Amino acid sequence: MNVVEMRGITKRFPGIVANDNIHLTVKQGEIHALLGENGAGKSTLMNILFGLYQPDEGEIFIKEKPVTITGPTMANKLGIGMVHQHFMLVQPFTVTENIILGDERSKRGMIDYKKAERQIQELSDRYGLRVDPTAKISEISVGMQQRVEILKTLYRGADTLIFDEPTAVLTPQEIDELIEIMRNLVKEGKTIIFITHKLKEIMAACDRVTVIRRGKVIQTLNVSETNEKQLAALMVGREVSFTVNKKEATPGEPVLTVKNLVVEGNRGIEALKGLDLEVRAGEIVGLAGVDGNGQTELIEAITGLRPVKSGMIQLKNRDITHFKPRKVTEAGVGHIPEDRHKRGLVLDFTVSENMVLQSYYQPPFSKGWAIQFAEVDQYAKRLIEEFDVRTPDEHTPIRALSGGNQQKAIIAREVDRDPDLLIAAQPTRGLDVGAIEFIHRRLVEQRDKGKAVLLVSLELDEIMKLSDRVAVINGGRIVGWVDPQKTTEEELGLLMAGRVIQEEVSG
Amino acid sequence: MQQILSRVNKTSTFATSLISIVLGMLVGAIMMMAAGYDPVLAYRALFASALLQPYDLGESIRTITPLILTGLAVALAFRTGLFNIGVEGQFIVGQLAAVIVGLKLGLPPVLHAVVAVIAGGLAGALWAAVPGLLKATRGVHEVIISIMMNFIALNLSNVMIRKWLTEGSDSTPKIPDSASLRVDFLSQLFGGSRIHLGIFLALAMALFMFYLLWKTKLGYELRAVGHNPLASEYAGMSVKRNIILSMMISGLFAGFAGASELLGTAGYHSIQAAFTGVGFDGIAVALLGANTPLGVILSSVLFGVLTYGGGNMQFEAGVPFEVIRVVFAAIILFVAANISGPLVDLFFRRRRGRHLARNLD
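Listed in order, the protein sequences are those of chains F and W. Quick note: the first sequence, position 45, residue 45 per UniProt numbering, numbers continuous. Quick note: the second sequence, position 352, residue 352 per UniProt numbering, numbers continuous.
Just to be clear, a hint being listed does not mean it is correct.
Covered stretches of chain F (chain W as the covering partner; in silico rule of three or more C-beta atoms under 8 Å from a C-beta of chain W) [claimed, not checked]:
no.	region
1	107-116
2	346-358
3	364-378
No more than 20 Å apart at the CA atoms, straight line, and that leaves these computed lysine to aspartate or glutamate pairs for DMTMM-like [what the hints assert, rightly or not]:
no.	chain 1	residue 1	chain 2	residue 2
4	F	Lys342	W	Glu233
5	W	Lys215	F	Asp377
6	W	Lys217	F	Asp377
7	F	Lys324	W	Glu233
Hints were generated in silico from the structure; no laboratory data involved. Just so you know, these numbers come straight off a predicted model, no measurement behind them. Quick reminder that beta carbons are idealized off the backbone N, C-alpha and C, glycines included.
Take these sequences, add in the hints, and give me the full structure.
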């Protein structure tokens with residue numbers, strides 16, 4: 001039986017056709033991947049299925065009956081549940097409280113917590129989720145929180161689950177566990193739509209895959225009859241190289257030296273507990289770790305965005321420990337921030353204005369009080385050209401650009417200042433294969449020019465591919481150094497989870 | 001079709017304002033009809049009496065002047081992500097400083113007026129610096145502090161008038177001519193109305209705001225902080241410094257408004273039982289003017305004409321002035337609710353529907 005069938009779905013937004021006559025058929029009991037680059041139209045299609053958007057044209061059939069889905073509540077009633085990429089959980093509430101939120105079943109006007117807890121425990125056991133219904137959200141891991149999101153949909157009686165890029169926040173081990181859970185769900189008769197741009201996970205978990213490019217369905221294939229290379233080519237529309245071409249590193253003098261660094265996190269708890277790190281000229285050091293182990297605090301401490309409690313940060317033997325952000329920039333640090341919308345860009349500014357975010361006060365961009373916008377525009381034009389930023393012109397608000405092109409703009413800005421140390425935090429998060437290739441090439445280029453690069457990423461693939469040395473961070477300390485040529489993802493995963501290994505790899 | 005829509009989106013702030021004005025006046029018209037008045041007659045009387053005679057035109061411009069300045073004050077703060085609801089208080093201290101300089105300093109003409117205007121502006125800037133400082137250093141919301149500062153300003157001004165500037169009287173003496181912004185030439189040009197040089201100050205400040213925000217380093221920083229403080233911090237700007245500066249420049253405009261009203265229109269300061277509301281009108285002006293200098297000028301013209309003409313409408317069409325305040329409120333309501341977006345949508349959808357229907361025929 002076809003649980004979900006979408007026929008001829010078209011959705012237009014001003015200036016763009018997000019979905020162009022899309023056909024999608026999902027069979028009962030399968031894991032169906034929806035593969036496509038960012039902006040290909042996957043999310044739009046799923047938002048239509050979940051009732052958040054109305055299609056301009058086309059029909060939807062749920063269990064072979066035509067339906068008009070007017071909103072998420074209606075989608076829930078039809079048995080469709082969505083596990084969002086960004087969790088929608090109330091931190092101080094318990095698992096049970098979060099799950100029943102919005103669907104509180106009461107007895108004589110009182111919420112029946114005991115019954116709900118029992119039901120959730122049953123669901124958790126049945127699908128092997130191992131969630132404790134009485135735990136507080138703030139006290140459980142990210143992987144567990146995701147399972148709470150899954151339970152939420154199950155509690156509401158969903159039999160078709162949409163997973164929106166679920167693996168982005170997980171360790172390799174947690175990803176394996178998630179795939180196991182997905183198999184359990186399917187075994188019990190559920191159907192899963194799995195949105196992703198990670199090919200490996202499709203090969204590992206899915207039965208069929210529908211590839212979407214620029215709002216159109218390219219092809220639906222059986223996973224057993226395809227391979228990563230073919231899928232990548234279908235997704236991007238051309239052949240893609242998976243390896244990064246790079247020569248042996250020729251590391252020189254230390255550029256960044258961090259000694260015994262102690263920094264407080266947002267809640268006043270020490271996020272870095274005596275961290276040591278060294279990055280030398282002409283090498284890429286990858287910082288691997290599960291999200292929330294001090295990566296953000298380390299970057300913020302180096303760049304002057306977070307006060308340092310004790311310890312030292314040196315740039316080329318110069319103490320920059322308590323420097324303000326502008327001083328750090330002027331000392332020769334470039335920073336591609338982990339969240340481009342939060343820190344990296346002023347979205348309402350034009351491309352031009354964003355290109356000089358740190359240098360607007362220097363000549364030639366300003367003279368006296370005034371900013372020389374003619375100079376700024378000329379500079380922006382050059383960067384747009386050199387870094388292939390796809391934009392109508394330099395006066396377009398940067399908000400209007402795709403994520404990949406926004407990121408290229410940031411990279412252009414940071415790389416062009418030619419910093420001695422380039423900190424790249426999640427430089428390819430949410431980007432498509434083509435943009436990732438481009439950015440990786442630029443990072444290696446910086447290294448080959450004799451610059452130091454500190455790469456912080458949650459994508460192990462990226463760390464392994466680019467780094468010359470990998471430092472693993474856990475609980476605010478570096479717990480081990482590994483050689484990416486010799487280590488395995490399993491070993492890295494264990495280190496990231498906090499298991500210390502004895503032998504260290506000397507660079 | 002898409003081209004039209006995107007063009008509408010681009011001009012939406014202008015369209016929003018225009019549609020809101022029409023709707024607001026319609027609401028006023030409906031109220032008048034319900035109360036048994038003739039709206040056509042009333043509106044005709046309003047605009048004719050505000051614009052046709054030189055005297056009335058001059059008086060309209062006089063009404064417009066403080067609205068431009070307070071509107072700019074609110075708009076500038078908005079641009080930096082701050083809501084300066086304390087324009088009223090900054091306006092009052094501007095008046096107070098101007099009257100003090102006017103009465104207590106003996107200076108030659110022109111210089112006297114210039115010093116008084118500057119004193120008013122600085123007083124406003126300092127008054128606004130307090131909420132700015134507290135916001136930047138202690139994280140206190142500027143709305144709370146600036147509302148409180150309004151009351152302090154109002155009562156401080158009353159005490160000063162009664163205890164220091166006069167001996168227990170309700171209003172100060174008139175300022176000497178040397179400090180006045182009124183010039184005979186201008187008054188005569190407009191039929192002896194109370195128009196004064198403040199209008200040029202207001203227009204100059206609008207120009208200044210445009211230059212500051214879109215041409216200078218400081219303006220670039222102010223806008224960056226307004227749009228995204230985290231990115232500004234990342235870029236090495238001082239968010240705190242910009243918050244304080246933005247409030248001070250905003251307060252400067254408000255203080256100028258107070259000084260120009262005092263030195264140009266009233267000529268003396270008197271005890272007030274309640275706020276005049278010019279500062280609060282600035283919020284409406286800024287909102288309708290989409291926080292741009294030109295927008296602020298245009299919306300000040302509208303509100304000024306409605307206010308002055310509304311007074312005459314009372315006599316000529318017998319419609320009570322309160323109707324005009326309802327029109328104000330309705331306009332702002334429509335702007336704030338962004339009613340034009342759905343309306344434009346509806347219009348185009350309807351048209352597309354009709355278009356389809358025609359094709360089917």
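Here is how each hint holds up against the structure:
1. 107-116: violated (count 0)
2. 346-358: As far as the region 346-358 of chain F goes, the hint holds, because 7 residues have Cβ atoms under 8 Å from chain W.
3. 364-378: holds (count 5)
4. F:Lys342 / W:Glu233: Answer holds: F:Lys342 to W:Glu233 is near 11 Å, not above 20 Å.
5. W:Lys215 / F:Asp377: The hint holds at about 13 Å.
6. W:Lys217 / F:Asp377: Holds - the C-alpha atoms of F:Asp377 and W:Lys217 are around 15 Å apart, at most 20 Å.
7. F:Lys324 / W:Glu233: With Cα atoms ~10 Å apart, F:Lys324 and W:Glu233 stay inside 20 Å; holds.
When held up to the earlier numbered hints, the structure conflicts with hint 1 and nothing else.
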